[in-house]
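Chemist: Please put together the full structure from these sequences, using the hints given.
Protein chains in written order, with this note's numbering: chain P, 1 to 207; chain Y, 208 to 259.
Take these hints with a grain of salt, some might be off.
Derived coverage of chain P by chain Y (criterion: at least 3 residues anywhere in the stretch with Cβ under 8 Å from a Cβ of chain Y; other residues may be distant) [as the list claims (entries may be wrong)]: (1) 50–60; (2) 87–95; (3) 123–134; (4) 192–205.
Here are the simulated distance ranges between beta carbons [to be verified]: (5) P:S124 - Y:N219: 32 to 38 Å; (6) Y:N219 - P:R56: 26 to 32 Å; (7) P:L21 - Y:N219: 35 to 41 Å; (8) P:P24 - Y:N219: 15 to 21 Å.
FYI, nobody ran anything at the bench for these hints, they're computed from the structure. The model shown is predicted, which means the values in this text are computed figures rather than measured ones. Ideal Cβ placement from N, Cα and C applies to all residues, glycine included.
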Amino acid sequence: VLILYAVAECPLPSPLPPGALGEPLVQLDADGIVGLAGAVEQAPEPSEAAVLAHARVVEALAELSDPLLPARFGSLHRTPEALADALRREAETLAAALRAVEGCVEVGVRGVAPETGFEEPPASGKEYLERRRAEAKLVERVHGPLAAQARAARLERDRVFAASYLVPRDRLDDFLGAVRTRAEDEPELGLVCSGPWPPYSFAGGVA
Amino acid sequence: VTLVELVDRVLNKGVVLTGDITLAVADVDLVYVGLRLLLSSVATLEEGREPC
Numbered sequence: 001v002l003i004l005y006a007v008a009e010c011p012l013p014s015p016l017p018p019g020a021l022g023e024p025l026v027q028l029d030a031d032g033i034v035g036l037a038g039a040v041e042q043a044p045e046p047s048e049a050a051v052l053a054h055a056r057v058v059e060a061l062a063e064l065s066d067p068l069l070p071a072r073f074g075s076l077h078r079t080p081e082a083l084a085d086a087l088r089r090e091a092e093t094l095a096a097a098l099r100a101v102e103g104c105v106e107v108g109v110r111g112v113a114p115e116t117g118f119e120e121p122p123a124s125g126k127e128y129l130e131r132r133r134a135e136a137k138l139v140e141r142v143h144g145p146l147a148a149q150a151r152a153a154r155l156e157r158d159r160v161f162a163a164s165y166l167v168p169r170d171r172l173d174d175f176l177g178a179v180r181t182r183a184e185d186e187p188e189l190g191l192v193c194s195g196p197w198p199p200y201s202f203a204g205g206v207a
Numbered sequence: 208v209t210l211v212e213l214v215d216r217v218l219n220k221g222v223v224l225t226g227d228i229t230l231a232v233a234d235v236d237l238v239y240v241g242l243r244l245l246l247s248s249v250a251t252l253e254e255g256r257e258p259c
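Modeler: Quick look at the structure:
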């Protein structure tokens, strides 16, 4: 089977890094969308090591190509033809996503505080709604300014804060500064950053 | 936190092509069942640590 690692706009310069199982990578050019894949005897065993190995291959490819769309772990195709067909079928979406992530990295921002300070169960429906409103306002105070500094943003969870931001590489320092400011203004969230990652969260497009 | 963030991205984000359905999707589903367990154990492991 072929394991897909990433999708690029044009063929990458050689030499390519090896795949997660040490296999040589192949580039499949399907009408201007390039699939980067490795041919292996069988699918990798799902394990933490396998996930990290996949991530390392994607990182190495991201150093050779901008833009690059990371593939999800376990994206398997039976033959090169099947993979090329799949790339061709989704060429339009992939091309748009590639354009959107060009020059950008992904930054994760997450609140690691156990809760936002509302431990007691609400005494009434009114109190519940007031709490939800307060939480929504807190999230907006953090997410709004950060999203304004990013090319695209995904809010994953609005209670314990978790979001991903697509940030132009040359604006990364400013963005991290903005996260620091938010973290200081809203200490109860316990905001932490992760990344910069290849744009996993925006690989499906930014619409 | 960083490891959880990475594993979450690699497993749940990233491009998925509607590919060779008979083989690919069945395999991927199986792969995910195993990895969800892995992810939750990693999350538990990370809870006691300082954020990085």
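Chemist: Against which earlier hints does the structure fall short, listed by number upward?
Modeler: Going through the list in order, the structure violates hints 3, 6, 7 and 8 and respects the others.
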